[in-house]
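**Student:** This is what each chain is made of:
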Amino acid sequence: MIKPYGDTLNDGKVQLSFTLPVPWSEAADEAARQLVVKMGFADVQVAEGRAIAESFSFFVVYAATPQAIDFESLAVPSVKTHKMTMEEIDALIEERVGRKVRVAGACIGTDAHTVGIDAILNMKGYQGDYGLERYKMFETYNLGSQVAVEDLVRFTKEKKIDALLASQVVTQKGSDVKNFTALVELLEAEGLRDSVILCCGGPRMTSLLATELGYDAGFGRGTLPSEVAAFIATRMPHRVG
Amino acid sequence: MIKPYGDTLNDGKVQLSFTLPVPWSEAADEAARQLVVKMGFADVQVAEGRAIAESFSFFVVYAATPQAIDFESLAVPSVKTHKMTMEEIDALIEERVGRKVRVAGACIGTDAHTVGIDAILNMKGYQGDYGLERYKMFETYNLGSQVAVEDLVRFTKEKKIDALLASQVVTQKGSDVKNFTALVELLEAEGLRDSVILCCGGPRMTSLLATELGYDAGFGRGTLPSEVAAFIATRMPHRVG
Amino acid sequence: MELQIDRNAVARCRKSAAAIADPVQAFIERHSTVSVERSILRLLGVDGVGPGDTPVPNMIVESLDASELPNGIAIPFGRALVQTGLEPRALGERLASGGARLAQFGDVPNEAARGAIVAAARAAFDRVLARRAERNDLMQQLPQLPPPLLYMIVASGNIYEDRTAAVAAAEAGAQIIAVIRSTGQSLLDFVPYGPTTEGFGGTYATQANFAIVREALDEASRRLGRYVMLTNYASGLCMPEIAAMAALERLDMLLNDSMYGILFRDINMKRTFVDQHFSRMLNAASGIIINTGEDNYLTTADAVEQAPAVLASQFINEELARRAGMPDRQIGLGDAYEIDPNLEDGFLFEVAQAQLARQIFPDSPLKYMPPTKHMTGDIFKGHLIDAMFNLTSVMTGQTIHLCGILTEAIHTPFLGDRALSLENARYIMRTARHFGDDVVPKPGGRIERRAADVLSECEILLERVAARGLMQSIEAGVFADVKRSPEGGRGFEGVFERAPDYWNPFEELLS
Amino acid sequence: MELQIDRNAVARCRKSAAAIADPVQAFIERHSTVSVERSILRLLGVDGVGPGDTPVPNMIVESLDASELPNGIAIPFGRALVQTGLEPRALGERLASGGARLAQFGDVPNEAARGAIVAAARAAFDRVLARRAERNDLMQQLPQLPPPLLYMIVASGNIYEDRTAAVAAAEAGAQIIAVIRSTGQSLLDFVPYGPTTEGFGGTYATQANFAIVREALDEASRRLGRYVMLTNYASGLCMPEIAAMAALERLDMLLNDSMYGILFRDINMKRTFVDQHFSRMLNAASGIIINTGEDNYLTTADAVEQAPAVLASQFINEELARRAGMPDRQIGLGDAYEIDPNLEDGFLFEVAQAQLARQIFPDSPLKYMPPTKHMTGDIFKGHLIDAMFNLTSVMTGQTIHLCGILTEAIHTPFLGDRALSLENARYIMRTARHFGDDVVPKPGGRIERRAADVLSECEILLERVAARGLMQSIEAGVFADVKRSPEGGRGFEGVFERAPDYWNPFEELLS
Ligand code: B12
Ligand code: B12
Ligand SMILES: Cc1ncc(COP(=O)(O)O)c(C=O)c1O
Ligand SMILES: Cc1ncc(COP(=O)(O)O)c(C=O)c1O
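Protein chains in written order, with my numbering: chain A, 842 to 1082; chain B, 842 to 1082; chain C, 182 to 692; chain D, 182 to 692.
Just chain A, with the same shape it has in the complex (with noise of 0.2 Å):
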């Protein structure tokens, strides 16, 4: 069981901070440290208290968390596992699949994010990492911005895609939830979800989200072409053989 760790081990000690909305006084600092005793922390200290506005106040709180997590027994599916090269994963396609594996991507709803999914997709990729469309065995469309799941499934439909890449970077209000749920149940509906490799990335993405939301993958901030590249040609196989 691990504990946060301030200066010793499983001190617990967890730095916070939040508004409340109420203007400063001594009771506004005692009503954060009550707050923060309610949410079952324990050693509460308000270091800071101040008003930033006539009806707003802002603290900043240290104190300890009496929960612990198991750590060693924690499941956390990764995609991430092998690391591979270009040449790697293009003997790997080449091998076991013996065809270019047709890839599209997008930047999904009204999202205009393409940075992100350029990173993956453009030769340049990122931070050094080639991107999808500098291997020999990708076949690589990138539909770029604010595309409509209705287009993008069609798309998938008429150029007989095998991995699908979508993007969401505008997260505020759920809207990156519900426009990856729309793109799986569309394609559910279109009978299409078991054929294609379906991965959804984006700065707030994680594994367990992908999996909660039906994608076969979930890529998130820092993600590197390589590591979708392989994922796909691990995959791939399974679809084909």
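Hints were generated in silico from the structure; no laboratory data involved.
Backbone N, C-alpha and C define an ideal beta-carbon position, used for all residues, glycine too.
Careful: at least some of the hints might be erroneous.
[Stated by the list, open to error] Taking lysine-lysine and the DSSO-like style, the derived pairs with C-alpha atoms no more than 30 Å apart in a straight line are:
id : chain 1 : residue 1 : chain 2 : residue 2
1  : A       : 1000      : A       : 1019
2  : A       : 965       : C       : 623
3  : C       : 554       : A       : 1019
4  : D       : 664       : B       : 998
5  : B       : 965       : D       : 623
6  : A       : 1014      : C       : 554
7  : C       : 664       : A       : 998
8  : A       : 1019      : B       : 879
9  : A       : 879       : B       : 1019
10 : B       : 1019      : D       : 554
11 : B       : 1014      : B       : 977
12 : B       : 941       : D       : 664
13 : B       : 1001      : D       : 664
14 : C       : 664       : A       : 977
15 : D       : 623       : C       : 623
16 : A       : 1000      : C       : 623
17 : A       : 879       : B       : 1014
18 : B       : 924       : D       : 554
19 : A       : 924       : C       : 554
20 : A       : 1014      : B       : 879
21 : B       : 879       : A       : 879
22 : B       : 977       : D       : 664
23 : B       : 965       : D       : 554
24 : A       : 941       : C       : 664
25 : A       : 1001      : C       : 664
26 : B       : 1000      : D       : 664
27 : C       : 554       : A       : 965
28 : A       : 941       : A       : 977
[To be verified] Label pairs and their calculated CB-CB ranges:
id : chain 1 : residue 1 : chain 2 : residue 2 : range
29 : D       : 669       : C       : 325       : 52 to 62 Å
30 : D       : 664       : B       : 969       : 22 to 32 Å
31 : A       : 881       : D       : 509       : 53 to 63 Å
32 : A       : 939       : D       : 396       : 55 to 65 Å
33 : B       : 992       : D       : 232       : 25 to 35 Å
34 : B       : 915       : A       : 909       : 28 to 38 Å
Please arrange chains B, C and D with the ligands on chain A, whose structure you already have, making use of the hints.
**Tutor:** Then chains B, C and D with the ligands, alone, in the frame of chain A:
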């Protein structure tokens, strides 16, 4: 009932940061997330997780707390209610006590942080607010730093001190509470507790904590000398009369 | 700070910019758009929505016959005014409700129609000038703090939360409040109506929303003793309409840049060049400072490499704005602090670029955008990058200072984030207030060399763009690594060539 | 950065400093202290604790007759060495256990005693030199990163947690690790023994604790490919003993400043001047860089006002250190970034002060302390003040850079706080690495004027101190607004006048 305010009333949004004693990995991010879920938060987003050393990872998390606090009915003892000027305070003492009030202050235990207590006592004062030495109606003794509780009590007895000001700035491992408690206990043992106005102070002090420790008042960060002076002046008549 | 820069190179850049603007300007003068026509109606006072929440100005323009549109909306609407004797707004409602159709007033002589419109337009113009005078008065009575002017965004999606946030930000030191628009509004070929409480990543720009925040900020301005400015976004498919609304609701600034729309929203370039021109004429008259969007180039492409393109775009934007009648003091050219924080001496590069812009455009209220691209979930690190941005801004005398926010990579800002951001800017700008005045870049040092490189690369780039044409250069991906074709993108269907009799009553008033 | 400074004024300051040092030095040479004597024993190899955990060196020195002490511990101990034939450490244990008393060896002739001690002292001295050579070798093999050297504190109270924290900090970029001492250790007239796990605000400085962290850092140094330095605190009642222990355990730096002890710990000035001198002789030989404590003046008094006093104290400390045989490259003079963050242009003042010190003491590994006094519970603001400190440090080429920590006002640092702090320093120093080289303060500008003012006020102050005497000046509250009397404070009883036959075997070896 009020809750933390992110960008919408009662959204409960809180920022947390902490360190876990594990090497960074996707699983560490997930551990951080689950830990914050265990703490009772909803909508947990691990905004940042990264290695800060070989076997430590640091996290920044945003989440929503379901806790709320009833701000209206919060009873916070405040010692800073009446703002008074130096002249008003001197006048009050002159009229209601009729003699100089004898005040002794010290930084007790092994604590050498005298800046705080000096700010209250020295002429110069703090942030443009004069210190007690400047008042006509206080006779002030500043015993300085690292004053043993025994010495302070002896001094109190000898000089017939009316108001005793004890400071503690170092709070690590509860050393402040230990020293403050030792002072009250010794005063009680010597039968002096009721003959002094007993105040404590330091950056982590709150009115509530002071009350719990058995002090008449406690003064925290940013205290002005006049606030302390006003408290003593308004309490003195009860003692004398 | 004072850099040695090659004044002749600057002059040559301006010459190239003029050459670039010429054909664009010629194109603009031969065309109008549905949005320009709708903005004429809005200025005249037409407002409200019809069935399906379609705004009345849209309904009216759409009701025009395809063959009539090239003459503009003014005359047909003028005929209806004459015939019905209604005020423009009431006439709009009548038309929207189906109580009348423009086509039915064909009999009214052109001259009468023109006369009615001229009168209404003059009244509208006076309203715009009155709001401008109001601003001038308020700014006299309630002087702003000295620049860099701290600019803060609110973006909750709900105008009433935005109002709360705007007032809180003003109290915490903000001098300009921007209400960010909802994702995708720039792609709407109409302006939503009324107060709105649902939006993604921002709040819809509507006239009612403008008014709600303006009123709250006026109240706060009086309380704080300093005028707090309000700004919103024009760029998109409705540039001139938003410019009209902003004029009427006394906004003080508008993001107004067709290059942004082209590159980052895939809006058709012909459409938006035409829209931009008329919207800027309106902005000029209403005393609104425009903000251009060069900063965006740095969010998709490498900031070190794109610096010459940013400068080139500033020259072009300056030229196009001047041609719309804008004085330099209303042309807020954009730039941003987007160099990789891991680059050794990146700060020196930023200083060079910011100072270069300052000296080349001495009278422009430069708009300086904060780091966004390299902001991560590490809010502590992000706060520091913002601090270096704040320092650069105060050192180099930037004017409109968008405060960077430590949670940039996470969410649209919380109320507390904004306060921390303002505190950051205020602290840095106080502690280093005159630092820029007190140091000189070493002649031939890294800063000066970098500035010289950017300027000379910009010069070459402008020459190339002048030779190839702006539209073709955009097509070739010169700006921000993004390629757009002259006939591609959204809104092209709304562009039309002016007939010989085309008339826009405001063009005369505004020139 | 290069300030125009008045070199003649600097020369005059150095002359005053010499005049100030003369009488202090004369006093020092006529006296010794119990701590100096105990350090002789420690160097010879005496260690361990007796009943009640009293360290053996203390027991031995205390066992001397009051009449014998003025001759020093060396001869009596030498007699016992000769007579018992034991090694110093074993002899110490025998004496501590009551198995022998120094008094019983009175018969041994002085010459024999002297001979035994000289041999043992030479062996001890060789051990010190061997550790120094070891450091040199390691620093050759594992070169440090360029300065400012990032210095990080650990202070958990528990040496094993400190070790964990030290290694983690090294991994996160720290180049120097300081294990902060427990509150109050400087007032103990002995050095605790063995590994310790309880302390307040820090961990006891013991030889075992030194060894534990040294070993862990050596391992980390090899792993990281760069030598990570270790430092601790000498100032206090046991300066020479800690200097001896540090020499033996290959610490690389020591906080060593009697002014700190006098002003902030109320240690008797005579005692600590004598202790300081011998401890610095030891530091000189062991290649240990000392850090002086001028920064502390700024934590109690106003930083703008105290700047001349800080500089004056640096001149005095330099002079006293040189007289103890220290080369400039081992004299780490202290300064700090403590100006009120709310002061307009405070940053310019800080730059002026830091650069002034850099130019006046070009070969000193200046120690630059972070903001502490104005740090509050607002960790976000604190992080920014630290950033401006980091910027000043890299701009002005400071050497030993104590990393400021955002939680300074709250608790001794958490492991995560340290990582954020190092990230802060690394980011700022990377992005602005050559900024200082690339700008010049405007002649006659705010920075240059401030530097000139500080220097000229310092000159006047030094003249006054020279006229009045250092001890009398301290009595008058010249430094840090604190007043101390020459006979007051702790440890005065441990000072004694040397008899004509007084002998300290190491004085010869070290000179
Ligand atoms: C650049 C940027 C823009 C540019 C986008 C240009 C473009 N062509 O992409 C412009 C200026 C146009 C823009 C506009 C807006 N933006 Co924006 N923008 C950003 C910014 C600064 C950087 C995003 C970025 O490029 N990151 C770098 C890339 C490489 O990282 P990434 O996207 O995470 O991608 C990586 C991984 O996530 C993964 N990945 C991503 N997708 C996928 C998909 C698959 C299948 C896989 C395998 C992997 C993968 O791989 C990538 C490489 O590792 C962020 C703030 C920030 N610092 O994060 C805000 C941000 C994303 N924007 C935001 C908002 C709100 C907007 C606007 C809505 C604002 C407005 N109202 O006008 C508009 C509208 C845009 C729209 N309709 O979507 C918010 C989103 C808030 C939220 N959480 O919901 C952010 C966080 C800023 C903020 N704090 O407000 N923006
Ligand atoms: C200055 C300082 C020092 C100076 C003190 C000089 C002196 N003569 O006071 C020196 C350099 C000597 C020092 C040493 C140490 N310090 Co120190 N020091 C600080 C520092 C930077 C500022 C404290 C200060 O002066 N604040 C300004 C005053 C005006 O504020 P204040 O004390 O809160 O007082 C106000 C109120 O609290 C109130 N008040 C205070 N007392 C009282 C009493 C009464 C009766 C009343 C009515 C009001 C009142 O009124 C004051 C005015 O508003 C703080 C960090 C920080 N920024 O807070 C660390 C800090 C307090 N020090 C700390 C430590 C650990 C030490 C050392 C133990 C380190 C070491 N191991 O060597 C030593 C040992 C000191 C000792 N034996 O006590 C820690 C304490 C950690 C903790 N929470 O336990 C801090 C927080 C730094 C840190 N993060 O590690 N320190
Ligand atoms: C010039 C300009 N206009 C408009 C916008 C915002 O437009 P949208 O509402 O399309 O996000 C931006 C955003 O950065 C901009 O820079
Ligand atoms: C020169 C010097 N010595 C020693 C110390 C620490 O001493 P103590 O252990 O007494 O806190 C400091 C602390 O800042 C210092 O500056």
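**Student:** Run every hint past the structure and note whether it holds.
**Tutor:** Verification of the hints:
At most 30 Å may separate the alpha-carbon atoms for a hinted pair to count; residue 1000 of chain A and residue 1019 of chain A meet this at roughly 25 Å. Note on residue 965 of chain A and residue 623 of chain C: the hinted pairing is violated, with a Cα-Cα distance of about 37 Å set against a maximum of 30 Å. Taking the CA atoms of residue 554 of chain C and residue 1019 of chain A, the gap is near 25 Å; set against the 30 Å cutoff, the hint holds. Only pairs whose Cα atoms come within 30 Å are accepted, and residue 664 of chain D paired with residue 998 of chain B is accepted, the gap being roughly 27 Å.
Between the alpha carbons of residue 965 of chain B and residue 623 of chain D the distance comes to roughly 37 Å, so the proposed pair goes past 30 Å and is violated. Taking the CA atoms of residue 1014 of chain A and residue 554 of chain C, the gap is about 22 Å. The hint holds against a cut of 30 Å. For the hint pairing residue 664 of chain C with residue 998 of chain A, the CA-to-CA distance comes to about 27 Å; that is within 30 Å, so the pair holds. Note on residue 1019 of chain A and residue 879 of chain B: the hinted pairing holds, with a Cα-Cα distance of about 26 Å set against a maximum of 30 Å.
Between residue 879 of chain A and residue 1019 of chain B, the direct Cα distance comes to roughly 26 Å. Compliance with the 30 Å bound is thereby established for this hinted pair. With a C-alpha separation of about 25 Å, the suggested pair residue 1019 of chain B and residue 554 of chain D falls inside the 30 Å cut-off, and the hint holds. A threshold of 30 Å between alpha carbons decides the hint, and for residue 1014 of chain B with residue 977 of chain B the separation of about 40 Å lies outside it, so the pair is violated. Under the criterion of a C-alpha separation no larger than 30 Å, the hint pairing residue 941 of chain B with residue 664 of chain D is consistent with the structure, at around 27 Å.
Of the supplied pair hints, the one linking residue 1001 of chain B and residue 664 of chain D holds, its CA atoms being roughly 27 Å apart against a limit of 30 Å. A hinted pair counts as satisfied when its Cα atoms are at most 30 Å apart, and residue 664 of chain C with residue 977 of chain A qualifies at roughly 25 Å. Distance hint between residue 623 of chain D and residue 623 of chain C is fulfilled; the C-alpha atoms sit about 11 Å from each other, no more than 30 Å. Distance check on the hinted pair: residue 1000 of chain A and residue 623 of chain C sit about 59 Å apart at the alpha-carbon level, beyond 30 Å; violated.
Distance restraint check for residue 879 of chain A and residue 1014 of chain B: the Cα-Cα separation of roughly 23 Å lies within the 30 Å cut-off, and the hinted pair is therefore satisfied. Proposed proximity of residue 924 of chain B and residue 554 of chain D is supported: the alpha carbons are some 27 Å apart, at most 30 Å. The straight-line distance between the Cα atoms of residue 924 of chain A and residue 554 of chain C is roughly 27 Å, inside the 30 Å bound, and the hint therefore holds. For a cut-off of 30 Å, the pair hint linking residue 1014 of chain A to residue 879 of chain B stands: about 23 Å separates their Cα positions.
For the suggested pair residue 879 of chain B and residue 879 of chain A, the alpha carbons sit about 14 Å apart, so the restraint of at most 30 Å is met. Only pairs whose Cα atoms come within 30 Å are accepted, and residue 977 of chain B paired with residue 664 of chain D is accepted, the gap being roughly 25 Å. For the hint pairing residue 965 of chain B with residue 554 of chain D, the CA-to-CA distance comes to about 17 Å; that is within 30 Å, so the pair holds. About 27 Å separates the Cα atoms of residue 941 of chain A and residue 664 of chain C, which keeps this hinted pair within 30 Å; it holds.
A C-alpha spacing of about 27 Å is found between residue 1001 of chain A and residue 664 of chain C, which places the hinted pair at or below 30 Å, so the restraint holds. For the given pair, residue 1000 of chain B sits about 24 Å from residue 664 of chain D by alpha-carbon distance, which is consistent with the 30 Å threshold. Taken as a hint, the residue 554 of chain C and residue 965 of chain A pair is honoured in the structure, with Cα atoms around 17 Å apart against an allowance of 30 Å. Between residue 941 of chain A and residue 977 of chain A the CA atoms are separated by roughly 8 Å; this keeps the pair inside 30 Å, and the hint holds.
The beta-carbon spacing between residue 669 of chain D and residue 325 of chain C, approximately 57 Å, falls within the hinted interval of 52 to 62 Å. The hint said 22 to 32 Å for the Cβ distance between residue 664 of chain D and residue 969 of chain B, and at roughly 24 Å that hint holds. Distance hint check for residue 881 of chain A and residue 509 of chain D: the Cβ-Cβ separation is about 57 Å, which falls inside the suggested range of 53 to 63 Å. For the hinted restraint 55 to 65 Å between residue 939 of chain A and residue 396 of chain D, the CB-CB distance of approximately 58 Å keeps it satisfied.
For residue 992 of chain B and residue 232 of chain D, the Cβ-Cβ distance of about 28 Å falls inside the hinted range of 25 to 35 Å, so the restraint holds. The beta-carbon spacing between residue 915 of chain B and residue 909 of chain A, approximately 31 Å, falls within the hinted interval of 28 to 38 Å.
Going down the numbered hints, you'll see the structure goes against 2, 5, 11 and 16, while the others check out.
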